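**Student:** Sequence:
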Amino acid sequence: MSEAMPRPAEQSVDQPTVERAGRPSPLRRLPLRQILCLLPLLVVGVWVVQHRSLIASGARQMFTANPYWLLTAVATTGLGWVAVSFARQGTVLERLPARRLFVTQFAAGAANHLLPSGIGASAVNIRFMTGCGLPPARSSAALALYFLAEATTRVGLLVVLLVAFPQALRLGPLLPESVSGMLVAGVVAAAGAVVAGVALIRPVRRLVMTFLRTALADARSLHMRPSRALALWGGSLAFPLLQAAGLVAVALALELQVRPAHVMLAYLAATAVAAVVPAPGGIGSVDAALVIALVAAGAPVESATSTVLAYRFITVWLPLVPGALVLGGLVRSKIV
Numbered sequence: 242m243s244e245a246m247p248r249p250a251e252q253s254v255d256q257p258t259v260e261r262a263g264r265p266s267p268l269r270r271l272p273l274r275q276i277l278c279l280l281p282l283l284v285v286g287v288w289v290v291q292h293r294s295l296i297a298s299g300a301r302q303m304f305t306a307n308p309y310w311l312l313t314a315v316a317t318t319g320l321g322w323v324a325v326s327f328a329r330q331g332t333v334l335e336r337l338p339a340r341r342l343f344v345t346q347f348a349a350g351a352a353n354h355l356l357p358s359g360i361g362a363s364a365v366n367i368r369f370m371t372g373c374g375l376p377p378a379r380s381s382a383a384l385a386l387y388f389l390a391e392a393t394t395r396v397g398l399l400v401v402l403l404v405a406f407p408q409a410l411r412l413g414p415l416l417p418e419s420v421s422g423m424l425v426a427g428v429v430a431a432a433g434a435v436v437a438g439v440a441l442i443r444p445v446r447r448l449v450m451t452f453l454r455t456a457l458a459d460a461r462s463l464h465m466r467p468s469r470a471l472a473l474w475g476g477s478l479a480f481p482l483l484q485a486a487g488l489v490a491v492a493l494a495l496e497l498q499v500r501p502a503h504v505m506l507a508y509l510a511a512t513a514v515a516a517v518v519p520a521p522g523g524i525g526s527v528d529a530a531l532v533i534a535l536v537a538a539g540a541p542v543e544s545a546t547s548t549v550l551a552y553r554f555i556t557v558w559l560p561l562v563p564g565a566l567v568l569g570g571l572v573r574s575k576i577v
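Taking this note's numbering, the leading residue of the sequence shown gets 242, the next gets one more, and so forth.
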């Protein structure tokens, strides 16, 4: 009789405790991944509402344009994602899944228009490469190598066209000498601040040196494989050429009275200047720089504005919603 059964009162006290411990917390019940899937579409919707007048203006320009040249601009935009996919593959030794890589670049384009200075596309690509099995350090090094190759080829093309057509851009009437001097001084000051920060702050210096060692080791390994080097530099060269060709096609569609080579030069110069402005997808900074560059190349202000609006409609606003949907799907499938 000493080993009696527990009293009913004790069971009634312990049972609710077990039930409370087994209940999931309210935070765990939240469909977090579903929210992340819908977030890009929500942000795009807000962005479209805020820029609806610009989008409508760009769409109106399309009705008066040559449809064949507009289709050419659409084709060059699609080929641009192919070129970026080749360049991204050229930054790593491992073979990435080709279809998922292309789809990721399409989705990264939408992310790039929602966050400033390429942060969106960079985050999507790092998540994709990490999901493919690359360590975070190597994914970051691959990203840095891509930016280096793309910037080198873009600046190289700009220099070649400036040498070939030295009088193509007449910026004197548009930018006074004082403004040009302030721009140069600002760029030099920013570069000096970055160099000083890396040199003087020890944790930053250690992090940068470790990153550079990883990036240089990967770059040496990649350039020992001709297929990877060709993909990296070929894709990096083709991407700005295709973007500039898209602007040329839109200019021809709207009968802009500027030589195609000068339009390409205007595009490369404008994107180089706008790259230092941290605007989401270059919205505003690229538009203004393109208009100024086309006017400097000899186009009337109204025609230059119409050309830029139509070009941005094809390259930014048209693929934005599909890109956001694809991005949500990639998040849901845990690819990024």
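No lab work stands behind these hints, which were simulated from the structure alone.
Every value quoted in this text rests on a predicted model; they were computed, and no experiment measured them.
Accuracy of the hints is not assured; some may be wrong.
Simulated DEER-style distance windows between Cβ atoms [claimed, not checked]:
#	residue 1	residue 2	range
1	Q498	R447	53 to 61 Å
2	P444	Q498	14 to 22 Å
3	Q498	P377	37 to 45 Å
4	V401	R301	50 to 58 Å
5	M465	T305	51 to 59 Å
6	V315	A529	22 to 30 Å
7	R500	K575	47 to 55 Å
8	P338	L403	36 to 44 Å
9	S468	G433	36 to 44 Å
10	I360	R447	20 to 28 Å
11	P308	P377	43 to 51 Å
12	L441	K575	35 to 43 Å
13	P308	M450	32 to 40 Å
14	P501	G433	19 to 27 Å
Where a beta carbon is used, it is the ideal one built from N, C-alpha and C, also for glycine.
**Student:** Compare the structure with each hint and give your call.
**Tutor:** Outcome of the hint check:
1. Checked against the given bound of 53 to 61 Å, the beta carbons of Q498 and R447, roughly 56 Å apart, stay inside it.
2. At roughly 55 Å, the beta carbons of P444 and Q498 sit outside the given window of 14 to 22 Å.
3. For Q498 and P377, the hinted distance range of 37 to 45 Å is not satisfied, since their beta carbons lie about 51 Å from each other.
4. The hint said 50 to 58 Å for the Cβ distance between V401 and R301, and at roughly 36 Å that hint is violated.
5. The hint said 51 to 59 Å for the Cβ distance between M465 and T305, and at roughly 53 Å that hint holds.
6. In this structure the hint that V315 and A529 lie 22 to 30 Å apart at CB holds, the actual value being about 24 Å.
7. Taken as a hint, the range 47 to 55 Å holds for the pair R500 and K575, whose Cβ atoms sit roughly 49 Å apart.
8. Taking the beta carbon of each, P338 and L403 are about 40 Å apart, inside 36 to 44 Å as hinted.
9. A C-beta distance of roughly 40 Å is found between S468 and G433, which places it inside the suggested range of 36 to 44 Å.
10. At about 24 Å, the beta-carbon gap between I360 and R447 stays in the expected band of 20 to 28 Å.
11. For P308 and P377, the Cβ-Cβ distance of about 46 Å falls inside the hinted range of 43 to 51 Å, so the restraint holds.
12. A beta carbon spacing of about 41 Å between L441 and K575 agrees with the range 35 to 43 Å that was offered as a hint.
13. Under the hint 32 to 40 Å, the C-beta atoms of P308 and M450, about 54 Å apart, miss the expected range.
14. For P501 and G433, the Cβ-Cβ distance of about 38 Å falls outside the hinted range of 19 to 27 Å, so the restraint is violated.
Checked against the numbered hints given earlier, this structure breaks hints 2, 3, 4, 13, 14; the rest are met.
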